[in-house]
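All chains, full assembly: derive it from the sequences and hints.
Using our numbering, the first residue of the first sequence is number 1, and each one after it goes up by one.
In short, the hints are calculated from the structure, not lab data.
Nothing false has been slipped in among the hints.
Label-pair ranges, simulated between beta-carbon atoms:
#, residue 1, residue 2, range
1, 147, 81, 36 to 42 Å
2, 47, 183, 30 to 36 Å
3, 49, 23, 27 to 33 Å
4, 109, 49, 36 to 42 Å
5, 105, 47, 32 to 38 Å
6, 67, 177, 21 to 27 Å
7, 109, 46, 36 to 42 Å
8, 9, 149, 19 to 25 Å
Where is the CB? At the ideal position from N, CA and C, for every residue including glycine.
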Amino acid sequence: MALAMRVVDAAQALVGCTLEHDGAVGVIVETEAYHETEPACHAFVGSTGRSRVLFEAPGRLYVYRSYGIHALANVVVEPAGIGAAVLVRALEPLEGLEAMAARRGRTRPVDLCSGPGKLTQALGIELIHNDTSVRDGPVRLGPPPRGWERPRIVAGERIGITKAVELPWRFCAADSVHVSRPWPAAMRGAAVA
DNA sequence: CATGGGATTGACT
DNA sequence: GTCAATCCCATGC
Numbered sequence: 001m002a003l004a005m006r007v008v009d010a011a012q013a014l015v016g017c018t019l020e021h022d023g024a025v026g027v028i029v030e031t032e033a034y035h036e037t038e039p040a041c042h043a044f045v046g047s048t049g050r051s052r053v054l055f056e057a058p059g060r061l062y063v064y065r066s067y068g069i070h071a072l073a074n075v076v077v078e079p080a081g082i083g084a085a086v087l088v089r090a091l092e093p094l095e096g097l098e099a100m101a102a103r104r105g106r107t108r109p110v111d112l113c114s115g116p117g118k119l120t121q122a123l124g125i126e127l128i129h130n131d132t133s134v135r136d137g138p139v140r141l142g143p144p145p146r147g148w149e150r151p152r153i154v155a156g157e158r159i160g161i162t163k164a165v166e167l168p169w170r171f172c173a174a175d176s177v178h179v180s181r182p183w184p185a186a187m188r189g190a191a192v193a
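What follows is the structure in structure tokens.
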């Protein structure tokens, strides 16, 4: 499997970018790549009612319900016709912490967006935002904040999946306290970018 | 049409 | 560490 796939590059490039919705903004500190050629991806089975968005042009938002409870947000990558997306797994809260706290029912900043289900709840992202544009909104992807230093990025295996578990397609801002699950200290030296 | 399985989280032992 | 909540959707009869 080619490691130079666009969606894998995009997953790393998105770390440091901002995600914004309804008065709340966070900096992406953790992502995972998913591609139609590997079975953990919803597009692996082809274009279905759920996965159709994954095959659209890049820049669409793919939102689906996980475990019947949480909405998970992905950014569609790769040209139209190829099913792939980057799952946004964690944010560092930047603006609108009060709105996030109200939606989350928690106040500590580290509890607001440190997981894929947490950040969608904090930003108010729901299934109605599936198949919307991350450029035109209402959920918007933005460049890194001014003065934001591009973080060192560490790679590892994706979390919570049962297929293609060996692919190192999870990317985190090194040493961020806002990631969904910290890395074992011993692994934290493995920077890839 | 019935069924089974999650890209998770929070509460509890 | 364990475990239930809860609903959408893919699959199979």
